Amino acid sequence: NAGVTQTPKFRILKIGQSMTLQCTQDMNHNYMYWYRQDPGMGLKLIYYSVGAGITDKGEVPNGYNVSRSTTEDFPLRLELAAPSQTSVYFCASSSSREVGGGTQYFGPGTRLLVL
Amino acid sequence: QKEVEQDPGPLSVPEGAIVSLNCTYSNSAFQYFMWYRQYSRKGPELLMYTYSSGNKEDGRFTAQVDKSSKYISLFIRDSQPSDSATYLCATQYNFNKFYFGSGTKLNVKP
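Here the protein sequences line up with chains S and X, keeping their order.
Be aware that the first sequence starts at 222, since it is given in the numbering used here, and climbs by one per residue.
Be aware that the second sequence starts at 2, since it is given in the numbering used here, and climbs by one per residue.
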């Protein structure tokens, strides 16, 4: 049981480039989330999904897109990278069968540097 | 006003000390409260999860919620060097409403 896995671990992008951050969970959780963590700023929710085919915006969605075609996968797409998107990105999942939406299990993170 | 406020520290204590980590939150509607531990260059991992007011104990860790003052605390007894990490408090309003503190960095010196 690998839990939540993320690839790549680290990436350098040039301004204007695009990339997809991959996230996979093997716990059959229907809720999945993408956060970014900036130094001293805590975690901010970018997008979330309550199940395959259903996604919605979080607190800071601008500059990102997501899709959820399967229960396991929840990729995050950056279309036109900007220096403000330099951050550490975490994917998380939880089970709707738990009270309140359940506790979140986090992946190891992807460090992104936009130059 | 931020939903959750947390002193960033850093907090440095000797091994064996009792550690007290604290957060305040703004919305009285929050019902679920969590503490996460995050080691350097790792994802957060859940330590404690409590509902409403009161105390919850798990080994050396005790989580305390005081809804009247909107105050969340985590106590670590007999602290160990392996407890050195950043501790994040969080509140949950709904399945899609999570609010995290900025984290307190703890260093336990041998």
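Hints listed in this document are in silico derivations from the structure and should not be mistaken for laboratory results.
Hints may be right or wrong, so weigh each one.
[What the hints assert, rightly or not] For lysine to aspartate or glutamate, the following EDC-like pairs were computed, each having C-alpha atoms within a straight-line distance of at most 16 angstroms:
#1 K265(S) / E16(X)
#2 K106(X) / E4(X)
#3 K106(X) / E46(X)
#4 K98(X) / D8(X)
#5 K110(X) / D67(X)
#6 K68(X) / E16(X)
#7 K98(X) / E280(S)
#8 K265(S) / D247(S)
#9 K3(X) / D277(S)
#10 K106(X) / E280(S)
#11 K43(X) / D84(X)
#12 K265(S) / D79(X)
#13 K68(X) / D84(X)
#14 K3(X) / D79(X)
#15 K43(X) / D259(S)
#16 K265(S) / E280(S)
#17 K71(X) / E16(X)
#18 K98(X) / D277(S)
#19 K106(X) / D8(X)
#20 K106(X) / D84(X)
#21 K110(X) / E46(X)
Only a predicted model underlies this, so the values are computations on that prediction, with no experimental measurement involved.
Within 16 angstroms, alpha carbon to alpha carbon, are K106(X) and E46(X)?
Holds, because 15 angstroms separates the two Cα atoms, which is no more than 16 angstroms.
Compare the distance between the alpha carbons of K71(X) and E16(X) with 16 angstroms, and conclude whether the hinted pair is satisfied.
Outside the cut-off at roughly 30 angstroms; violated.
Is it true that the CA of K106(X) sits at most 16 angstroms from the CA of D84(X)?
holds (10 angstroms)
Within 16 angstroms, alpha carbon to alpha carbon, are K98(X) and D277(S)?
holds (12 angstroms)
Satisfaction of hint between D79(X) and K3(X), Cα-Cα up to 16 angstroms
violated (32 angstroms)
CA of K265(S) to CA of D79(X), is that 16 angstroms or under?
Violated: K265(S) and D79(X) sit about 32 angstroms apart, past 16 angstroms.
For the pair we were handed, K3(X) and D277(S), check the Cα-Cα distance against 16 angstroms.
violated (22 angstroms)
Decide if the proposed pair is consistent with the structure: K98(X) and E280(S), CA atoms, cutoff 16 angstroms inclusive.
Since the Cα atoms of K98(X) and E280(S) sit roughly 9 angstroms apart, the hinted pair holds (cutoff 16 angstroms).
CA of K106(X) to CA of D8(X), is that 16 angstroms or under?
holds (9 angstroms)
Is the Cα-Cα distance between K265(S) and D247(S) 16 angstroms or less?
violated (24 angstroms)
For K68(X) and D84(X), compute the direct alpha-carbon distance and say whether it is at most 16 angstroms.
violated (27 angstroms)
Given the hint that K265(S) pairs with E280(S), test it: the Cα-Cα distance must not exceed 16 angstroms.
holds (7 angstroms)
The structure fails to meet hints 1, 2, 4, 5, 6, 8, 9, 10, 12, 13, 14, 17, 21 from the earlier list, while all remaining hints are met.
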